[in-house]
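Protein chains: 4
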Amino acid sequence: MNKLGVHALVWEAGWSHEECARAIAKTAEVGYDFIEAPALDPSLIDVDFTRRELEKAGIGINFSLGLDFDSDISSGDQEKRARGKQKLEDAIRVCRDCGGQNIGGILYSAFGKYFTQPTAEGIRQSAETLAQVAEIAAKSDITLVLEVVNRYETNICNTAAQGVEMAKLVGAPNVKVHLDVYHMNIEESDIAQAIVDTGDYIGYFHTGDSHRGYMGSGSIDLTSVFRALVRAKYQGPITFESFSSRVVGQPLEGILGIWRNLWDDGHDLASHALMYTKAMLKSAQEAERQASERSRLPI
Amino acid sequence: MNKLGVHALVWEAGWSHEECARAIAKTAEVGYDFIEAPALDPSLIDVDFTRRELEKAGIGINFSLGLDFDSDISSGDQEKRARGKQKLEDAIRVCRDCGGQNIGGILYSAFGKYFTQPTAEGIRQSAETLAQVAEIAAKSDITLVLEVVNRYETNICNTAAQGVEMAKLVGAPNVKVHLDVYHMNIEESDIAQAIVDTGDYIGYFHTGDSHRGYMGSGSIDLTSVFRALVRAKYQGPITFESFSSRVVGQPLEGILGIWRNLWDDGHDLASHALMYTKAMLKSAQEAERQASERSRLPI
Amino acid sequence: MNKLGVHALVWEAGWSHEECARAIAKTAEVGYDFIEAPALDPSLIDVDFTRRELEKAGIGINFSLGLDFDSDISSGDQEKRARGKQKLEDAIRVCRDCGGQNIGGILYSAFGKYFTQPTAEGIRQSAETLAQVAEIAAKSDITLVLEVVNRYETNICNTAAQGVEMAKLVGAPNVKVHLDVYHMNIEESDIAQAIVDTGDYIGYFHTGDSHRGYMGSGSIDLTSVFRALVRAKYQGPITFESFSSRVVGQPLEGILGIWRNLWDDGHDLASHALMYTKAMLKSAQEAERQASERSRLPI
Amino acid sequence: MNKLGVHALVWEAGWSHEECARAIAKTAEVGYDFIEAPALDPSLIDVDFTRRELEKAGIGINFSLGLDFDSDISSGDQEKRARGKQKLEDAIRVCRDCGGQNIGGILYSAFGKYFTQPTAEGIRQSAETLAQVAEIAAKSDITLVLEVVNRYETNICNTAAQGVEMAKLVGAPNVKVHLDVYHMNIEESDIAQAIVDTGDYIGYFHTGDSHRGYMGSGSIDLTSVFRALVRAKYQGPITFESFSSRVVGQPLEGILGIWRNLWDDGHDLASHALMYTKAMLKSAQEAERQASERSRLPI
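Protein chains in written order, with the UniProt record's numbering: chain A, 1 to 299; chain B, 1 to 299; chain C, 1 to 299; chain D, 1 to 299.
If we strip away everything but chain A, and leave its shape as in the complex, we get:
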């Protein structure tokens, strides 16, 4: 059964002791199985404190990050690539020490607006670095999940098919694809079909909606999304992600373009998302059964 999680930015903009404690407590209180914590700068995470709070609350954790242009492993600049590799290794250590199992996000390039096409060389170098980092991650049973994001946040993996291609290029068993409905809505021809086609390569999944607000309040056909997850027999983590100017601060606000206050009450938002996700998953499972065992001739 899928573990259900929520992104920390539903609760807090940072990861100070107070923020960490509050975010973890609220995640548990609403009923989620785990929290996804941003590790844009892994050194800001107090590992021991975080682990204790998680244990207190009885929930798990996964991490996500995006490299910046100064640590872009798809760059032609060796120093930038080295900084990127270091950051990924730091994230792995943090994840391991907190008891996490997945590191998602834009691990293969900078997280931000590119202005030129990617190069074949850059993509290959990114894959090579990821292969090295994946070996380290493997020792701690950590999976690197490459997030497929829209054209304004990377110039490499914009579609699920490209994510699979990148994962194959890396070629490590603990490198999988991280899909996100918000991004898929912009880039895929058919979100549900892309999920089914990604199949076993899906390692992590972000729900949300088209404007990144309340689930079901945007323009994405979430019914078909959950049916595709069931059809793909996806059993991994599903994390709800939402951003409002109410919580997100700089620099994320700027990179993500969070200009509107899409909600004020993270608790209401996250409770609804959990109920919505459970209702949708159940509907999807019943749709699948309907088409098979419940459509038999009485013979």
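As the list makes no split between identical chains, a pair holds if one copy fits it or if it spans any two.
In silico DSSO-like pairs for lysine-lysine, Cα to Cα no more than 30 angstroms straight-line: (1) Lys3 to Lys278; (2) Lys139 to Lys168; (3) Lys168 to Lys233; (4) Lys113 to Lys85.
The hints are simulated quantities; they were obtained by calculation from the structure and are not laboratory data. The structure presented is a predicted model; accordingly, all values stated were derived computationally and were not measured.
We have chain A; now place chains B, C and D onto it with these hints.
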């Protein structure tokens, strides 16, 4: 706020003391505000027993019925019309004595497969009878809600627009339109638009899905349905209706064509429908707010 | 490439010489590849005249029919089954002599409102009869395509999965499944998924819309329907079917419940359906390419 | 009736004599009523040459542009605002001399990725400048249509409601809102509802799809989009816009993030878009009629 109900056929095929008691208790246990009880033959309902069970459970009740061809008030046969009028009056008495406020269903014609076009004369006679019956209903603060159903279950009101036209023809303030997503899916050009266009004429609403099984497991775009209800500012009852050969027996099974076992566990079905409906209503309310107060320029 | 056709009832209610000539000429004029002619009573079709008109117009033909309750091959009554077998054989002869290749429709039971559950025995007898008839059809290279229709028009094959099961039960290579979006909209959990799952069993396809009027003017998500046809690699006939009280007369009007005038101008309707279908097929093919060859990393 | 147009970037990246002549000729050849030419730098447009080519081809023209950060009229820097005003006035002159009637695009801010929130002061200054420019435009019967674009291309008007608010702030009768399905898919809660709610404020409309490729090959529910346009009684221009790395060069490629080759053959793309748009508009009109005049009781 909308009261949420569930159709008794999710629980039981009949209304014996045992069936009545079980259906009401389960409805309350799952958390619904009221039960919708079929009153195809009002004389089969033990009013005192039903009222006591409702009070015990702390929930309300609404009724629904369809006339049969022998009591068709749109028929050219005066005796049939008289029998139909009598049946409607009986239903009003039962509804009043049980503390109900709405009688829905196919009150304006037979509930079944017609083989010829309706006649203008028949429609007018139906409206006339309904006007007389509505006066009686008004004395007990009961609203008659005319259910718009698909072409295989009546030849008169197949679309919401026709339902409104019929309600206007009757011309009584306590005669409104009863919409049902299952039927709308077959007959309307645009389910959501039809709901919005029906507006204040909506007096009762049936949710469900295209095959009458689990909500969200069929082909109806329920997201847009709930948005339309919010957009139409509908505050009335919303009832979940579902039929499986597991519960429904003759003659309903035959009239409705329930050939498949779409579910086995009414409790699981009804619990999910309640969660699903609440999640959808909340999403719809947030979508509405999103488009208005959350889309302001920061000036 | 799919051959595109139109149902004769878009043009004419019957098949007199005048009706036959007009229907075929209009079908060709609009640009369809073939006409689908109803053969409810095969003896009413003047085979020589029809063939000459088809040759003149340069188009092909396919036939469809539904058995009636008096010739129901799923019935317990041997005489009825014998009459049904005879009717199917007559239809095969007519189809062969007109140069047709497919006979679709409700070939396995009566076409109409049942009031009781089907029996295992009846279904087996139907399959047996169809196996015998299929042998005869095979000699003329004719395929029998079993139409999956909604609960109000048969009690046997309501879902695509049941259609496949029935085709397997018959077990002849020239017996396939005939899907129709109008019926699927009522019965399937997921129309697109059902098409994909039916796969190679699809032998014939009916387009239209939820209310049986103009394509794209109802509530069916036709975009996903055409994508599923492309995904299933379906290359067979696609026929547009639409019924308005403007053309359809008794008994079909009664059986189908055509109470509204959904259109007046068959030419406008059919021209639009052809343009709509071509636009949708092209969009679906591009969506498929988009997800594959156009989603490659530049390496 | 809506005039149908196509964006010049379907044909050519620039506006040299050769490019201008080819783009206009192809637009006419496919059957569009007008071309939309980008006027990012109005001085690059040879007005006389363009007008003659338009006359030769017998089609019309509309223009679009986005300001850059150096000519941002929402900026705090007076010189930048002055440059923006000048650019808008230049565009008006070009539009007038070419015989155009609408100038669309991001006229109120820079067209590009912002990293900070807009300011109330900046928005007001933008509106003021637009009011002055609108007066000049009015003398040539030119309408300024403010394009609502996604969060990555401006920080001011991301939703249709914000576009209307901005148009009201400007307060000129010839300033309206320019909606675009690609952007709406990212920002609106409900694309169709936003169109209906914008109503008479819609002055210009961009079709396309979620990934900016072939119409109907992405994830936008275009059926509901066209229904909303019909419901809003929109009679203005509808332009098909699509970008592939096959044609678009720098700097647009970089700003828009066109990393994939979504199509190779602009002629095939544009022909399909025209057929698709006509099919959809007709379907939408029939859906509207279906819900009104074709849903009457036969009395």
